[in-house]
Amino acid sequence: MASDPVLKISNVSRTFGAIQALKEANFEINEGEIMGLVGENGAGKSTLVKIISGFDPGFKGSYQLNGKEVKFDTPSKAEESGIAIAQQELSLIPNMSVAENIFLTGAKVKKFATLNTLSKMARPYLDEVGLTDIDPSTRINLLSVGEQHLVEVARLISREAKILILDEPTAALGELESRRILEMVQRLAKNGKSIIYVSHRLDEIFKITKRITILRDGVSQGVQETKDIDVNKLVEIMLGRELANMFPSRADHISLVSKIEVKDLWPDGVLEPVSFSAYQGEILGLSGQLGSGAGEVLASIAGALKSRSGSLTLNGETFLPKSPSQAIKKKIAYCSSDRKKDGLFLGRPIFENLTSPALDTISKFGFNFGSTEDSYAKNLAQEFLIDVKRVYDESGLLSGGNQQKVALGKWLSIKPDVLLVNEPTRGVDVGAKSEIYQRMRELAARGITIIFASTDIQEITYLPDRVITFYRGMMIDEHRLEQIKTPVILKEITDPFNETSI
Amino acid sequence: MTTITQNNKSFFPSKFLQFYKDRTLLAILLSLFAVMFVYGIFFTDNYLTITNFKAIIRDAALYGIMAIGLTFVTLSGNFFLLSLKETASICGVTFAMGMATGFGSPDLVGNFLVSLLAALSVGVLSGVIQGYFVGMGGNPIVVTLGGAGILYGIGAWWSDNLVINFKRPHDAEWLGTGSFLGLPSITLAFILIAIAAELVLRHTNFGRKVYLVGANKAAGRATGHENFSMAIIVFTICSVCCAFVAVAFVAQMDSAQSNYFSAEFGSSGDMTILVIATVMVGGNSIMGGYGSTLRTSLGAIFIAMVDNMMVLQGFNSGPRIVGVGLMIVFSIIVFGLFAKGSRAQE
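If you read the sequences in order, they're chains H and W.
Here the first sequence stands for residues 1 to 502, where the numbers follow this note's numbering.
Here the second sequence stands for residues 503 to 848, where the numbers follow this note's numbering.
Isolated chain W (complex conformation) (with noise of 0.2 Å):
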């Protein structure tokens, strides 16, 4: 018995491989975080105060709870959900519309319940339809693309592309301004979401699940792990997360347009573009099987440190959309790199 065991040994640590490489990619990304901090500290004004950091936490939380949505759906293997700013698009819609109309009843104006409620059923809805096309194994970028055309399509009819407002005092004030224990509910809502999705992941049936889909599908399949209900899911988990910041958005803003999450969103303008380069630039492994929310979490507060830092430093929305891009590229560079490294024996 020992005697084959000995016979049969690797040629690489394999161990120490596994350790150096999760090490070096965590060590690599705070190490970026700390070059962006002293680089602050010195040579950018009113960048170490705790407002600050609040903004940036608070800028991160909006797009952070997306990635950690579309986290699942990369990690279970079926690559991106490119409807994620047509999907809050609708979503805001419906919930203005509820705040504004009450879908026509006079009785549910303002009811920040049932606007939610409605709001959500929408994400949900367009989750399980896309993700059931994928399923039965449509390809995950044609599906979302052509659902992205017929979600922002039916937003923008149903409001007449116009702005629907809603005055204040209303009942959504404490998910979109309000906060709690000096945190804005939007940042705590970020932080308790992150922890909730690190939590599946690690320690349900359903996190190990999308790991090993997202591995290799066929060998899922034959272990009794169909990606048919992993995509339905693992895409309403995504549509859902979108729908929840496209009401906290709304509430904040106390309008709705069709358009909001294509222009004068974050950084880089466009919604979609942002949440998939956070999901990159923690480190995701872009065929599936490979990652965390976590690594999603650090990405998403990473990218609003670097922009938070260029807007007090006086850029422009070109530039910064730029640096977006750069970041983008240099994790998918890094991260191949060490990637590569780990499976050399297959």
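So that you can see chain H by itself, here it is in the shape it has in the complex (with noise of 0.2 Å):
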């Protein structure tokens, strides 16, 4: 080791009540390092996260900057001292410029100052995160997800940050727009800050960063170098357990007779109609990028968004859904991207949200006195594993994977014929991520149908059956099983017509 950590944390515990989330954590961070944060959900990276930015005063151990003892009692004495989040949930003001909000504090601007002034200050800041092209006056909300990230880094620059902390900052983006957050935190790392990355995505955390800090249970499980050290280890320090293969086999042979058929579907956001089919008992990924037209055919499918013309024939019937609660009639079950928004009911209990689609069948003309929900409900919990004695919990208190698994289990007591899922592993730790796949796995061997869309291309070459390509609104192509290639449909999804190469 040629210099002293910049950033030194050892024995640090913190409680929240009967309960541990941190028990003897050591971080540490060098000048100018990449250094990756992983660990599953609830093990206890988003406290260390908290502790490190200032939020979380109240914890026990050492805290060393520069060598230096510190303790920050808000947020903002660790910006002075150049500590810096980015959240997940960006803070920043979507009718407002891109400058304005990178100077929105006011330190450091004159008390008066043009928009004008503003752009030029922003400039370099910009250049910097690698918004070379983008004009400091636009509105943010002009801008993509992705770039809003990038301009939300820079305003932590801004003001001097020496320590960047990224959380899951492209949890939300599809690969073209993580690629660009990743050669951000490359070029910062070169011009010597030091950034803390957190992130589910395992291969990102492979590519960038040079030393990784695991966390499992509260307990830090030693720093590993990259460059000797594989996704499989990883994962099993992550785990404490090796985790034998995340995507499950595929099923021996799909019938070839189709179950649902869609013809001529036209929904905002792609630009031509879409047909195709899928077959009984079979996972059918679409695959795309955010903007690319698969989440939109998914939500169209359901009857969540207005297609302009065309039908879908299942069961031998023709008709196109108008709304969710006629898709629903027709069996069609859909799993939303973003659960918070409209996939769960989180102030609402557990078991109120796994029997919310189906209340007409658990209920007898109308009544439900709960003997019926309650076992409807433990047994949809039992099935997707979840702990069977929380269903009368607030659903808003679980970890991110459960909650996803709750917001895709409700759909099985409609017992759908059709299952659509819109990205079925968002936000979600590895471990769960391997059961969310096992149970579609295994939906789809009870025979149903299941189409699903992804943005995350490991997810697209190993789960489904078959894939269906899309680019800014266009069907591509189609893979049967034994042509699904990663680099093909990558080139599919991101460059397909060579436009880079012109």
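Errors might be hidden in some of the hints.
[Said to hold, decoys possible] Lysine-lysine pairs mimicking DSBU-like chemistry, simulated, CA-CA at most 35 Å apart: (1) H/K50 with W/K719; (2) H/K259 with W/K719; (3) H/K110 with H/K77; (4) H/K77 with H/K341; (5) H/K341 with W/K719.
[Unchecked claim] Here are the simulated distance ranges between beta carbons: (6) H/E89 with W/V644: 26 to 36 Å; (7) W/F535 with H/E317: 31 to 41 Å; (8) H/R139 with W/I652: 33 to 43 Å; (9) H/R139 with W/L619: 52 to 62 Å; (10) H/Y392 with W/A698: 20 to 30 Å; (11) H/R139 with W/V813: 52 to 62 Å.
By construction, these hints were calculated from the structure, which means they are not laboratory data.
Backbone N, C-alpha and C fix where the C-beta goes; we use that ideal spot for every residue, glycine too.
Build the complex from these two chains, which are given one at a time in their own frames, with help from the hints.
Quick look at the structure:
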């Protein structure tokens, strides 16, 4: 070790009531280093991050910055010392300009400053994060989500942050946008910034970090040099056990009986009508980046998004659902990509969430005295590996992975023929991910047709039996199982027409 | 399987918190009752009499019934029906018109059933129309404020702003001033409606949908429970409750006027504010999805109790309105604090 670490945390523990979120955790980072921070949901990552960034002063242990013992009571104190965090949920003001957002606190800005001066001041910071092509007077809500992330980081740099914490910056981003973020992280590190990179996406962790700190159950499992470790080993340390195979093996054969036929579906965000069909008991993957139209196609099959034309044929009936409730009546279930927005009733108990689509089946003449519902909900919870004892708890209290299981599991209550899932594992840790994949495969084996849309290239390569690729609102190609190859798919969803080489 | 559930343990012992939150809110409400009660016994003459307690519940009944109706609206996430007193006003005028003039047909003069049905139909109609616009995506505040103007205007226009009298004896006395088993009929109606409403919320699909749609409209739509039909139903329930209260009040007064519910009603003088206060003091979430009609009923009795004591202590209407205002502020602070605690990990 050439130099001492700029930030060093040793033997830190933190308890919330009876629960110990962190025990004896250690963490350090050198100047200009990219340190990965990984762990399952609930392993203590967010607690550690909060302690580092000054949100949580109530911990025990030692916190050293540049070799000196420090204590931050508030996040702003930490920021003054050069520690800044870019949270997953952005704190930008959507209808103000990029430059105004960067200098929101008004530090270093004259009392009267025109947008023009602000724009000039913002330029170097934008260049540093790689937003060279963005005009600083653009309004934030005209930027893509990925660009907004970059602006957020530019804002932190403008306040002379030396240590940057990025909490899942790519969770809501597609492949291309993620690459921009990674490039920015590497550039910042080259300029001498220390970066703590928190992510569930292990491929990114391997691509950019120098060392990785792994947390499990609130205990740090030592620091690993990235070049000395591989994914399997990392996951093993994270879970404390071996994850035999994250993706379940595919079915031996898929009956080529067409279950649902989609004809000329044409929702907003898709350039031309789309037609395809899905077989009974297969998992069909729709691959594409954000805005490619894959998610829009799913939503319009479910009646959640209006389609200009087209029809579905399911069980011999031809129709086009105009609302989710019509689709549900035809046994089409749709699990959206944003569980907090329209997937869960966060303030209500888990069992109410689980039975919410099937209220008519569990009640008699509109009355519901609980016992049928109880067993119904508990069966579903069991099937989806949700702790049965917790079904009366508020669903908002569950971790991301368990929330996703509830959001998905509730659809089994209507005994669906077709299950549509948009982003089955967004913001979900590895353990829960593999459980969700396992469950999807089992459901398919029971004869349910599953169609899912995903921006995650691993998921698209290893989970489905067939893949359809989308690019900018167009359906590009279809791949049978034996033709599913990562590079080919990646090419088709990022640059199918060789535009970059022109 | 077990390893996963262990790994995903939450930071907060949620079951405990849920229990704690529910009980704490109830405890706060009950201890306030107790404090008021003890204070009343020691410092207020004529407080600890059965007649006085009957009076308290009777006071609570009128706005309590309307508040129960409004609770459905609030729980379903549609905020408030701001045309409460105007709905009551036009329904009261309708009823009195029926009793006094028989809507122009001499055979129907004084016919209770026809007048009642007419008043309730007006309630249903105004509820359906306002609910329709809210269900189509209109802002409930704007829609029902507009509704308020229109309803009040029609009532005033129709009655020429005059007091419509109908003489005793009439067929509605049993509802207005009559009693059964020693309880005023309006009190009995309050108790029955409170029980029925609580049962509907707890044990029917409709009740569950009210909570679900209130908790998250988008998720409600995704699971097949649209706010369109929900808004129409809850606004209709609320308006019918207003109509019923109007009929009972008019039957008691033997007369109606379009501004009966704006002045000289209960403590606060303004029916709408009093009813909204009742829902708030009961501790129902303004954003919907959390609360119950039981809380509303308790809130109504609590407000009536405080008001009653202030009357007995000789306060006139000004300070009593301040009292109601303070109760709203207090309840929002207390319930707001506790509601926050439970969703810490969202």
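Tested hints:
1. H/K50 with W/K719: 32 Å, holds
2. H/K259 with W/K719: 31 Å, holds
3. H/K110 with H/K77: 22 Å, holds
4. H/K77 with H/K341: Judged against 35 Å, a Cα distance of about 33 Å means the pair holds.
5. H/K341 with W/K719: 9 Å, holds
6. H/E89 with W/V644: 26 to 36 Å: The hint (26 to 36 Å, Cβ to Cβ) holds, given that H/E89 and W/V644 are roughly 30 Å apart.
7. W/F535 with H/E317: 31 to 41 Å: 58 Å, violated
8. H/R139 with W/I652: 33 to 43 Å: With Cβ atoms ~39 Å apart, the hint holds.
9. H/R139 with W/L619: 52 to 62 Å: For W/L619 against H/R139, whose Cβ atoms are near 57 Å apart, the range 52 to 62 Å holds.
10. H/Y392 with W/A698: 20 to 30 Å: Hint holds: Cβ distance 25 Å, inside 20 to 30 Å.
11. H/R139 with W/V813: 52 to 62 Å: At roughly 57 Å between Cβ atoms, W/V813 and H/R139 fall inside 52 to 62 Å, so the hint holds.
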